[in-house]
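Q: This is what each chain is made of:
Protein chains: 2
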Amino acid sequence: MAIRGSYAKGVARREEILESALDVIGRKGYQNASLKEIAEVVGVTPAALLHYFGSKEELFTAVLRKRDELDGLDPAFLDADGARDGFLQVIRHNTEVPGLVALFSRLSVDAADPAHPAHEYFLERSERLRATIAENFPSGPRHAPVDPETLARIIQAAADGLQLQWMIDPTVDMPGIMAALIDALQPES
Amino acid sequence: MAIRGSYAKGVARREEILESALDVIGRKGYQNASLKEIAEVVGVTPAALLHYFGSKEELFTAVLRKRDELDGLDPAFLDADGARDGFLQVIRHNTEVPGLVALFSRLSVDAADPAHPAHEYFLERSERLRATIAENFPSGPRHAPVDPETLARIIQAAADGLQLQWMIDPTVDMPGIMAALIDALQPES
DNA sequence: GTCTATACAGGGATAGAC
DNA sequence: GTCTATCCCTGTATAGAC
Numbered sequence: 001m002a003i004r005g006s007y008a009k010g011v012a013r014r015e016e017i018l019e020s021a022l023d024v025i026g027r028k029g030y031q032n033a034s035l036k037e038i039a040e041v042v043g044v045t046p047a048a049l050l051h052y053f054g055s056k057e058e059l060f061t062a063v064l065r066k067r068d069e070l071d072g073l074d075p076a077f078l079d080a081d082g083a084r085d086g087f088l089q090v091i092r093h094n095t096e097v098p099g100l101v102a103l104f105s106r107l108s109v110d111a112a113d114p115a116h117p118a119h120e121y122f123l124e125r126s127e128r129l130r131a132t133i134a135e136n137f138p139s140g141p142r143h144a145p146v147d148p149e150t151l152a153r154i155i156q157a158a159a160d161g162l163q164l165q166w167m168i169d170p171t172v173d174m175p176g177i178m179a180a181l182i183d184a185l186q187p188e189s
Numbered sequence: 190m191a192i193r194g195s196y197a198k199g200v201a202r203r204e205e206i207l208e209s210a211l212d213v214i215g216r217k218g219y220q221n222a223s224l225k226e227i228a229e230v231v232g233v234t235p236a237a238l239l240h241y242f243g244s245k246e247e248l249f250t251a252v253l254r255k256r257d258e259l260d261g262l263d264p265a266f267l268d269a270d271g272a273r274d275g276f277l278q279v280i281r282h283n284t285e286v287p288g289l290v291a292l293f294s295r296l297s298v299d300a301a302d303p304a305h306p307a308h309e310y311f312l313e314r315s316e317r318l319r320a321t322i323a324e325n326f327p328s329g330p331r332h333a334p335v336d337p338e339t340l341a342r343i344i345q346a347a348a349d350g351l352q353l354q355w356m357i358d359p360t361v362d363m364p365g366i367m368a369a370l371i372d373a374l375q376p377e378s
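The listed protein sequences derive, respectively, from chains A and B. At position 101 of the first sequence (counting the first as 1) the number is 101 in the numbering used here, and the numbers step up by one without a gap. Each position in the second sequence, counted from 1, maps to that position plus 189 in the numbering used here.
Do not rely on the hints blindly, as some may be mistaken.
Stretches of chain B that chain A covers, calculated by requiring three or more beta carbons in the stretch to come under 8 Å of a beta carbon on chain A [said to hold, decoys possible]:
id : stretch
1  : 195-204
2  : 240-254
3  : 278-286
4  : 349-358
5  : 366-372
Anything over 12 Å on all C-beta distances counts as not near chain B; from chain A, calculated [claimed, not checked]:
id : residue
6  : G10
7  : R13
8  : D23
9  : S34
10 : Q89
11 : I168
12 : M174
13 : L185
None of these hints come from the bench; they were simulated from the model. Where a beta carbon is used, it is the ideal one built from N, C-alpha and C, also for glycine.
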């Protein structure tokens, strides 16, 4: 059943808003990305944004959800053999979308509040990510065993922490450092 | 030369404001810590806060600076032998000051903007921290060498990333996971 | 369903009186 | 050194036009 009429227009507007939001964040930083400015880029009023998304926080959460679908984190890990390179590829790709990294990092902090609309999102996404890592990354070296769940938390933490370092100093080599960590934890794989 | 008169009062007020700010953040979260509420705790108006610190961001940056002095990160690393345990002790201590962790994480993100008052602070503090780690932590295992600078970035990233995980889920065992990482990277130390 | 206009509460910041 | 008063901007709720 095809999408037609005003319904189709709404869907298009939604996408347009999500893209513009990410665009503004990338250019001006999360802090200065106001609903007013995003609305101006789209060519509507701030109220129009709130018509589609209930609040600013929900809008930004939706941006993150959308990118997860597009970039598709999970497919890269489906095969255990490509887990390492797939993971590094995602990190390398993040280098090219600073706005997305800024948004992700900022919401990671704000979502600590259980009342934040992204709270459940981060809980579920993180758990899913760690499960994938635990399944597809070989466990640690025999002489210093690290159980899969701990390994997953370490890798996730390092990736998130490196983004903080990279944001404040873009010369930081995120993929290189992550590769060094993974290889150090799995010398015989 | 003793501090007297109105000068002493100003210094006392400054300290009082810094403590109240951290207190409010701990109870209500960074997001809901307004100048108005902090001012109420101190017993003054928001304008008084801005008299001592130029802006809200500078006030919060000052809180972080003050805690660095009190908790004294560096002393714990002065001896190479106690580097590991000293580092873990700091992390364990952070568990008891959630407001400070929230403040640090939030400013870590905001300070990515070069115009943010905490930008230089984070650049210098991070570099100093990594230098200390690189000096006092033995380098990686022989079969998977990790140079000291990379090791320092990994440990710092993991510590910061773990704080994000812990904030959204306080059951996360930060010290335990950090210990596992350090031991895995330095099996023969 | 899509959107504008309007109004409001709250935030941080500024100027000037005391 | 501190407050009052004011200003502007933010996000948001509502009403109603199309």
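Q: Let me make sure I understand: some of the numbered hints might not hold for this structure. Which ones are they, in numerical order?
A: As far as the earlier hints go, 1, 2, 3, 11, 12 and 13 are violated by this structure, in ascending order.
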